Every structure is written in C-alpha cells, then in structure tokens.
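Participant: Mind docking chain R on chain F? Use the hints.
Listed below are the residues making up each chain.
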Amino acid sequence: AQSVTQPDIHITVSEGASLELRCNYSYGATPYLFWYVQSPGQGLQLLLKYFSGDTLVQGIKGFEAEFKRSQSSFNLRKPSVHWSDAAEYFCAVSGTYKYIFGTGTRLKVLA
Amino acid sequence: DTAVSQTPKYLVTQMGNDKSIKCEQNLGHDTMYWYKQDSKKFLKIMFSYNNKELIINETVPNRFSPKSPDKAHLNLHINSLELGDSAVYFCASSQADRGSEAFFGQGTRLTVV
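Residue numbers (my numbering), protein chains in the order written: chain F, 9 to 119; chain R, 117 to 229.
Looking at chain F on its own, in the form it has when it is part of the complex (with noise of 0.2 Å):
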C-alpha cells in the first residue's frame, strides 16, 4: 500500500540552526515526491519536488531534499533556519489521481 511516514510530529530549533525532517515513503513503482509547508490559516506551499534525475534536488526559501531509494527516505533539510519557518511541514508521495500525505512534521523556531 502506498503511504508516507513522517515519524517525528514536533521538532524545536534554534534560529540559525540547521534542520532535517524526516520523511519515509512506501510505493510500488518510481515514487514522485513532495515537500509542502503550511502556514497557521493558510494553504500549503510547494517547497521542492523529486521525480527523477539529481537525487539532491533544491527548492524554494534555502530548503533542499534527498531521495535516497535505498532507505526509502525524501528528507527535508534547511542549513540555517530563520524565525519564519516555523510552520507545519508535509511531505506527500504521488499516486493515481491522488497525493498521499504523512501526518506532519509542526518546526518550532525558538529566538
């Protein structure tokens, strides 16, 4: 079945500090990723996506992504986070007519 696995559900950092979320992925054929962010009240955002080719793949507000087939993994990373990334983080795996979505990653972003 096809499904995706955020495993942690809050993260804290300090501004400044680098960051990765965790995202695992289960799917039968060539996987096609996404990380989204979702502000409080808003919508979500497409940071980054993978379908094939560089398995580093850059995105929008200094985010980057690798796809690891090996372990399965599309892990979000940011080098240093600023104030404003705090937000609800998702990553989500394509499937037929559908976006399959792990539970969330909530960033904390202590000054």
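Hints in this document: simulated from the structure, not taken from any laboratory.
Predicted, not measured: the structure shown is a model, and the values here were computed from it.
Here a beta-carbon is modelled for each residue, glycine too, at the ideal position from N, C-alpha and C.
Treat the hints with care, since some could be wrong.
Once the Cα atoms are required to be at most 20 Å apart in a straight line, the calculated EDC-like pairs of lysine to aspartate or glutamate come out as [as the list claims (entries may be wrong)]: (1) K76/F x D62/F; (2) K156/R x D16/F; (3) K160/R x D16/F; (4) K69/F x E96/F; (5) K157/R x D16/F; (6) K156/R x E23/F; (7) K157/R x D93/F; (8) K157/R x E96/F; (9) K57/F x E217/R; (10) K57/F x D213/R; (11) K152/R x E96/F; (12) K69/F x E217/R; (13) K160/R x E96/F; (14) K187/R x D213/R.
So the derived label-pair ranges between C-beta atoms look like this [stated by the list, open to error]: (15) E169/R x H18/F: 37 to 45 Å; (16) Q66/F x M131/R: 43 to 51 Å; (17) T129/R x T63/F: 44 to 52 Å; (18) K76/F x S155/R: 27 to 35 Å.
Facilitator: Quick look at chain R alone, frame taken from chain F:
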C-alpha cells in the same frame, strides 16, 4: 490573481444544516481534489475529478456530494451536517500526470455546532 480559490474561508453552522463550499482554479488543470484536514492536521483525500469525471471517492459518507460543472470548478455540498464534519477542507488542482504538483486553495474552516 489567485490560482485556486475557495469560498467561504470560514463557515459556522448548526448540526443538520446543508452547506456548500465552492472552488475555482485558473491554472488550466485537468484534475481537481477535495481534501479534509482534521484537528491533528492529517490530510486525507476525499474526492478527485479529472476532466469533470469522478475518479476517486475515498469512502466518504454520501452526505458529501461533489459537483464539477466544468474543469475549472469543483464544488462540495454537504447535507445534514454532523459535529464530526468540523475540519478544514482544502480544494486543490493539478495536471493529470503524477509528476505534477498540486496547488492548494486557502482552505475552508467548517465548524459545526
């Protein structure tokens, strides 16, 4: 110019009422979706439409009836609202191929009292 717009943004209503949420996209996408986000932020697919045809109905109670009058619109009508229907409902759209990302509306926060 908003890509995916849904109205209203907030909806407070009493149990047993019937309500509708409207969604429009101006991206020229073929596929549109309704997602439900519960209080724990979990996003679950409810329906997907491709070229006005229903593709996915993910075990949603038949009190929920989507309607797609054309490719740019996908509305959601809910009959006999229940307390458990309280959630944020998101409309989204995408191209039909799996490699395309979905674009989301701002969400409609439905509160049933």
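Participant: Against each hint, give a clear statement of whether it holds in the structure.
Facilitator: Structure-based check of each hint:
The hinted pair formed by K76/F and D62/F meets the criterion: a straight-line CA distance of about 11 Å does not exceed 20 Å. Straight-line distance between C-alpha atoms of K156/R and D16/F comes to about 14 Å, which keeps the hinted pair within the 20 Å bound. Restraint check for K160/R and D16/F: satisfied, since their Cα atoms lie roughly 19 Å apart, inside the 20 Å limit. This hinted pair checks out: K69/F and E96/F have alpha carbons roughly 15 Å apart, not beyond 20 Å.
For a cut-off of 20 Å, the pair hint linking K157/R to D16/F stands: about 14 Å separates their Cα positions. For the proposed pair K156/R and E23/F, the alpha carbon gap of about 25 Å is over 20 Å, so the pair is violated. Restraint check: the Cα-Cα separation between K157/R and D93/F comes to about 17 Å, which is no more than 20 Å; the hinted pair holds. The suggested pairing of K157/R with E96/F holds, with an alpha-carbon distance near 9 Å, which does not exceed 20 Å.
Of the pairs offered as hints, the one joining K57/F and E217/R holds, with about 8 Å between alpha carbons and a cut-off of 20 Å not exceeded. Restraint check for K57/F and D213/R: satisfied, since their Cα atoms lie roughly 14 Å apart, inside the 20 Å limit. Distance restraint check for K152/R and E96/F: the Cα-Cα separation of roughly 16 Å lies within the 20 Å cut-off, and the hinted pair is therefore satisfied. A threshold of 20 Å between alpha carbons decides the hint, and for K69/F with E217/R the separation of about 17 Å falls inside it, so the pair holds.
Our distance criterion of 20 Å between C-alpha atoms is met by K160/R and E96/F, whose separation comes to about 16 Å. Pair hint K187/R plus D213/R holds up; C-alpha atoms about 16 Å apart against a cutoff of 20 Å. Restraint check, E169/R to H18/F: a C-beta distance of roughly 40 Å satisfies the suggested window 37 to 45 Å. For the pair Q66/F and M131/R, the beta carbons lie near 48 Å from each other, so the given range of 43 to 51 Å is met.
Separated by about 48 Å at the C-beta atoms, T129/R and T63/F satisfy the suggested range of 44 to 52 Å. Checked against the hint of 27 to 35 Å, the C-beta distance between K76/F and S155/R comes to roughly 33 Å, which is consistent with it.
The structure shown violates just one earlier hint, number 6.
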